[in-house]
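Spelled out, the chains give:
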Amino acid sequence: MDNGATMHLAVSLFSGIADRGVEPEFSRLASFVQRAEAAKLDMVLLADSAPAAGGGAVNSPMAFEATTLLAALATVTSRIGLVAAASTVAHQPYNLTRRFASLDIISHGRAGWHATMAQAPREAANFSRPDGFSSDDFRRRTEEYIGIVQGLWRGWDADALLFDKAGGRFHDPDKMHLLDHQGEFFSVRGPLNVARSPQDTPVLALSGLSEPDFNIAARTADVILLDDGPAEDTKARFDDLKRRVVACGREPDAVKVLTNVSLEDGPTLAADRLDQRFRSKSCDGFNLLLPARPSALDDFMGLVLPELRRRGLFREGYRGTTLRSHLGLAGGGDQ
Amino acid sequence: MTAQMKLGAFLWATGHHIAAWRHPKAHVTAGIDIDHYIQLARTAEAAKFDMIFCEDAAGLREADIGIASQTSRSIGFEPISLLSALAVQTSRIGLVSTASTSYNEPYGLARTFLSLDQLSGGRAGWNLVTSASPIEAANFGATGLKPHADRYERAREFAEVVTGLWHGKLGASGHDGQSFSVRDPLDLPRSPQGAPVMVQAGASDVGRDLAARTADVVFTAAQTFEEAKAFYDDLKGRMAAYGRGPDDIKIMPGVAPVVAETEAEAREKHEELQELIPDDVGLALLSSYLSISDLWRYPIDGPLPDLPESEGMKSRQALVIEQSRRDGLSIRQLARHFAGARGHWRIVGTPAQVADELQARFEGGAADGFNVMPSYFPGELDAFAALVVPELQRRGLFRRDYEGRTLRDHLDLKRPA
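Respectively, the protein sequence lines represent chains A and B.
Each number in the working numbering corresponds to the 1-based position in the first sequence with 6 added.
At position 375 of the second sequence the residue is numbered 373 (the working numbering), and the sequence of numbers has no breaks.
Among the hints, a few may not be true.
[As the list claims (entries may be wrong)] Facing chain B, from chain A, some residues (calculated, C-beta under 7 Å): (1) S134; (2) P136; (3) K171; (4) M307; (5) L311.
[Claimed, not checked] Quick list of in silico lysine to aspartate or glutamate cross-link-like pairs, DMTMM-like style, CA-CA up to 20 Å: (6) B:K46 to B:E320; (7) B:K23 to B:D380; (8) B:K167 to B:D182; (9) A:K171 to B:D31; (10) A:K171 to B:D278; (11) A:K181 to B:D62; (12) A:K181 to B:E60; (13) A:K171 to B:E269; (14) A:K171 to B:E401; (15) A:K46 to A:D304; (16) A:K181 to A:D170; (17) B:K23 to B:E263; (18) A:K171 to B:E270; (19) A:K287 to A:D246; (20) A:K241 to A:E257; (21) A:K287 to A:E257; (22) A:K171 to B:E273; (23) B:K23 to A:D170; (24) B:K46 to B:E401.
The set of hints was computed from the structure by calculation and includes no laboratory data.
Ideal Cβ placement from N, Cα and C applies to all residues, glycine included.
Isolated chain B, as found in the complex (with noise of 0.2 Å):
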């Protein structure tokens, strides 16, 4: 049989675009309405997705409270016990969270995964993450900001911990390391999967680095073919230092879809959202992706000043003003592009077009499966597994079933020993 893609439902409060949850058909109350969630889990697992994917972040989503007061962002459910009460509710699906490595200790979250992974018979997932938020930063007391490779060290040790623990090999003397120290095994059985699957987004060198030594699965966020394949080859080709296969990690892009019945249907659909970005959210996040902050001062239809180059964010900020020259796109409308897709890779159209996209850049070898972004839930969820999914099983891409019952199972991962 030859190798079919992955994917994941990535659920996130009222829908992955900025202005989801004003739209009429979106659940507005999804962050406090646990009977929601679960039937996004149910929809997901009868499209026979890998897994269920949930972002985290320990604080709220935007330094200014009016800018966050037009999201639907600062509130939402906790996601390991989201994903707790979601595992006894579903049997097949995939449960995977993310969590800092920033502001919890590895025994804990070793335990905490570790449980999920027995409430849900081998179905759960770790995605590890550093922090690098202020507005988290102050949750935890910190005065300020690790440096970069600080973080990154402190990621590895804790990810070493962690495996450690859930392989039961960590050693009688328990570890004493750097930055954690531990003393006992885990009080909990052994995983029915061997270990919780490991999953990482890191997109540094350091962050690459880190996902070939230890990571099962990798999300990454890739406009195009060409940055898709080269983030590919690159993390593959890292895999052999680490005496570790290319197959060993399985590669999934977020891809945030807008799909309808015909190609008009879908633009107008997309066109429905855009315009329900309020402009100062807009400028907001085009502000922080061009770190500038007096934005709001020119004429929101005019074109983009001049600015002065800003430090660490240069090739980003080269790749917007590009684009607004290029398309001569006015503030507003920069602002509304930006927001909408947050940098991820959008596809607006058919089935068969969305379809086409995503088997090009799994068959062209620039990923295993894509961690699929509805706009806005339930609606662009129920879409996608209607009318994206079947395209997919006709082509012979995507699983009509499920084979096993455990997320290694499904992603065609090694049991560990």
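Bound conformation, chain A alone (with noise of 0.2 Å):
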């Protein structure tokens, strides 16, 4: 776990913030991953483009399905986190859980689900709901699969498959459990048929909360984004927050808040605003939205970067492998 002096950042990656050339896009695209990972950051969220998955430049069209985009990140990459965006409308509960136990396999524990408790206004019209979701019937569904998804996740002790040729025992049967959710929305019996993850579970990032979705988060979440606003109002979200987390019995630190920033400023500025957030303790770190073009990823790295880590508020390495450990969340597989 970590001791809450240095921040987490993760950063937002979309089609414009790549360099444009002649280069195919998964190479540009792999290519900023890897200058990520190089600055150390803790995780790159990938945006989904479907029509109306979110708003603004965040979802200008990638030529990519997130989760299948994660997948081929995972292999040119070694040590940083990727966190895909997927809709709870476009996916099945059990195939979207397989989908991403899957890549934190493939990841070696580096995967986390980009969840919104947010309706996105178009979306449903693809899926054959053309009427979409009442809000409060989107809330209970989203939590309710949310469950599901987590269940399933954990449907595998961690020494369940033993691999025992001469025994002919390839897995305990005893260490595998169905899940027999019967809810409202769904019903599930599993168990899943893909391994445990390298990290226990997949990390779970939440966005697009209103009030009403704070407990869900506060019990689910390993990570929330919010938006940015006015400090005395972040500040009291993050307590309020926080507060709720300890309301559901876990630890405080088990849920790490990020902001999301744009960075438009000058690079001091950058760093000062940043600085002054996290000493301010509104949040455990940002998620950063980078000005749609190339050359701002690096300027955040040579310049913003090298600030934060001269005033300690940024690591100099990763400590683990996992996803989890970089966030300094519990069952981080390598601690």
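Build the complex: two chains, separate frames, hints provided.
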């Protein structure tokens, strides 16, 4: 676990951020992520460009669906966390759970699922639900969905696989657990047909929260992404969330609250701003929304990061190999 | 140039033989080892296979947990994430995955496969299946299985929406059908090969019609030449009704070869695998073949008892009973026989013998190529690549190098307009 002295840093990946050139799009995105890895950032958030999956420049169309892109990026990186957005409307929970469990094994414990509590206005119409869901239904459905995903991820005990050729025992049936979930929106028997995650479970990052979602996030999320706002508001929101985390019986550090920040300022100003926000304890770190120009990451790495490191606000290197270990979360798998 | 056969490398868990994982040389941790799969993909690519193929099911393979724990098939990679990883670790070989029309939505599936196609530079394919397993159904809140015809009607509409999205031909009003509605076109660039390749495996009458209407490639299971030939002629004969030519679909039966330098070695290798099948696993598979539940009551080294006729599986049951009587097989021998091959065409022999058999079916008009199902990994894929592929190349039956870049190029398929 970390002591809270240093900030966590994520960077959002979207199309305009990578070099435009003759290289294929994947190579350009891979090069971006490799540079973020060289800078030892905790994780890259892969936006999913489905119509109305979110909004703004972060969702300008990419050539790839986020989970497939994550799998490919996992093979050309070795330490950085890779978190993909995937919609609860576009996937059945069993299928989404499998995808991320598999991504976590492919990446050796560096994968995360970015789910949003906000219903994308146009999306449901492409998934045979022209009328979408009411806000209340969507909230209850998402909550149930997350419970299924996390339950399925825990269906195999860490020592369930025996690989005992001579004895003819591939796994221990007592260490494989059915989910037997029957709820308002879904029923899922389980178990998952993908092995347990190398980092215990993939990381769950939640965004799009409104106040009624705070308890759901406090109970289930590993990372909460919040939009920036006036200092006193973000501080109050942070304290409120951490109180709720404790009320759920979790350690306050078991959930990392990151603030989305657009970095359009010069380097010293940017470092000051992050410093100020972090030291006032209004977040555990930041999700960087860089300007849509290829040099933006280099500028951040070359100018802002050294300043943050000089002030002792960001670690020099990775502590472990899993995303949980970068984030200082329990169950990192390699502490 | 005379036509050459197409070859798929069917990657499945530790191997296609039910007891593969117990083989001393099988890579037992395949289901959690991405580097193992990257190596298999590179082996298949170096051998110039047209494609890698991954099957899929959204649940366990065995209803009985105890039986499941004696096979290696309860855990493995989810295939779309697996192939996406392989896409950037290979450069020429096709990447085909199964995905079910029963538990997906066409918009999401079309988008995901198009993304795989983009990552691979036009090497992706989708194997359309409908799900009939109650084990899968229980993971998707289904209260009961839909009748066969309904599943296929859903599949037909599903395929129509997916190809419409891939071809950019979904009208301005989108799609509003019986099972699905879609409003927007896909938000990804058009496929580098026009559209990902459509694969199918259904052998029933409605399945064949759906294949003739929509598929570029069909995988089938056929034990004998006559069976394979009848299927081939029937399916090619259906193409005209959908305005398509016989060459617009490639028919690739599965083949499970066990190959070694000498016939004796090959037989020994096969026998070694058969010996590794646990009795209760063999019995469970044979029981499901025969649609009976109390086979364990009878002495395992004795003959098959007289069985009541079951519904639905009549022809298969008759085949098993006939074989057991004809060859005087005990229950154990019969169980091993069926558990090992699982109804697929098995060839045990030298590279020349395997090549002879493949050549006979290819030139006899019973196959356009084969989906190769190695009995265990990596050894048996290595053996096929090292022994059989060069033999086929010597005979001019298989390419020595790739000529094109996309999966459609490899398969000589037209690029959709």
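How the hints compare with the structure:
1. S134: holds, 5 Å
2. P136: holds, 6 Å
3. K171: holds, 5 Å
4. M307: With Cβ-Cβ at 24 Å, over 7 Å, it is violated.
5. L311: violated, 28 Å
6. B:K46 to B:E320: Status violated; Cα separation ~40 Å.
7. B:K23 to B:D380: With Cα atoms ~12 Å apart, K23 (chain B) and D380 (chain B) stay inside 20 Å; holds.
8. B:K167 to B:D182: holds, 11 Å
9. A:K171 to B:D31: The hint holds at about 17 Å.
10. A:K171 to B:D278: holds, 16 Å
11. A:K181 to B:D62: Roughly 15 Å between the alpha carbons, so the hint for K181 (chain A) and D62 (chain B) holds.
12. A:K181 to B:E60: The hint holds at about 16 Å.
13. A:K171 to B:E269: Since the Cα atoms of K171 (chain A) and E269 (chain B) sit roughly 17 Å apart, the hinted pair holds (cutoff 20 Å).
14. A:K171 to B:E401: violated, 42 Å
15. A:K46 to A:D304: Answer holds: K46 (chain A) to D304 (chain A) is near 13 Å, not above 20 Å.
16. A:K181 to A:D170: Holds, at roughly 15 Å.
17. B:K23 to B:E263: Satisfied, since the Cα-Cα distance of roughly 15 Å is no more than 20 Å.
18. A:K171 to B:E270: holds, 14 Å
19. A:K287 to A:D246: holds, 12 Å
20. A:K241 to A:E257: holds, 19 Å
21. A:K287 to A:E257: holds, 16 Å
22. A:K171 to B:E273: holds, 13 Å
23. B:K23 to A:D170: It holds: about 13 Å lies between the C-alpha atoms, which stays within 20 Å.
24. B:K46 to B:E401: Distance of about 10 Å is within 20 Å: holds.
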